[in-house]
Amino acid sequence: MYRILFSIGSFHVYSYGALIALAFILAILFAMKEAKKSGENPDRILDLSLYII
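My numbering puts the first residue of the sequence shown at 34, with every later residue one more than the last.
Heads up, some of the hints might be wrong.
Pairwise CB distance ranges, derived in the manner of DEER restraints [claimed, not checked]:
1. G72 x I41: 41 to 49 Å
2. Y84 x Y47: 22 to 30 Å
3. I86 x H45: 19 to 27 Å
4. Y47 x N74: 32 to 40 Å
5. G42 x E67: 38 to 46 Å
6. I58 x M34: 18 to 26 Å
Everything labelled a hint here was simulated from the structure, so no lab data went into it.
All residues carry an ideal CB built from backbone N, CA and C; glycine is no exception.
Turn these sequences into a full structure, and let the hints steer you where they fit.
Here it is as structure tokens:
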């Protein structure tokens with residue numbers, strides 16, 4: 034696995050950071066789906082995840 038996925042000028046996107054961000058986004062989507070199944074408001078999950086960040 035490459036350490037740096039791509040660079041824009043002096044800004045580098047590292048593979049570890051990209052994978053962590055992808056995992057967080059997928060976890061939010063999964064939690065919203067589960068909240069909808071259980072009758073909860075999925076928007077509350079999204080709001081909570083923004084506070085957690």
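The hints, checked one at a time:
For the pair G72 and I41, the beta carbons lie near 43 Å from each other, so the given range of 41 to 49 Å is met. For Y84 paired with Y47, a C-beta distance near 25 Å keeps the hint of 22 to 30 Å intact. Judged by the Cβ atoms, the range 19 to 27 Å given for I86 and H45 holds: they are separated by roughly 21 Å. The hint said 32 to 40 Å for the Cβ distance between Y47 and N74, and at roughly 35 Å that hint holds.
The supplied range of 38 to 46 Å is met by G42 and E67, whose beta-carbon atoms lie about 40 Å from each other. Between I58 and M34 the beta carbons are some 19 Å apart, a value that agrees with the proposed interval 18 to 26 Å.
Violated hints for the displayed structure: none, as all numbered hints are satisfied.
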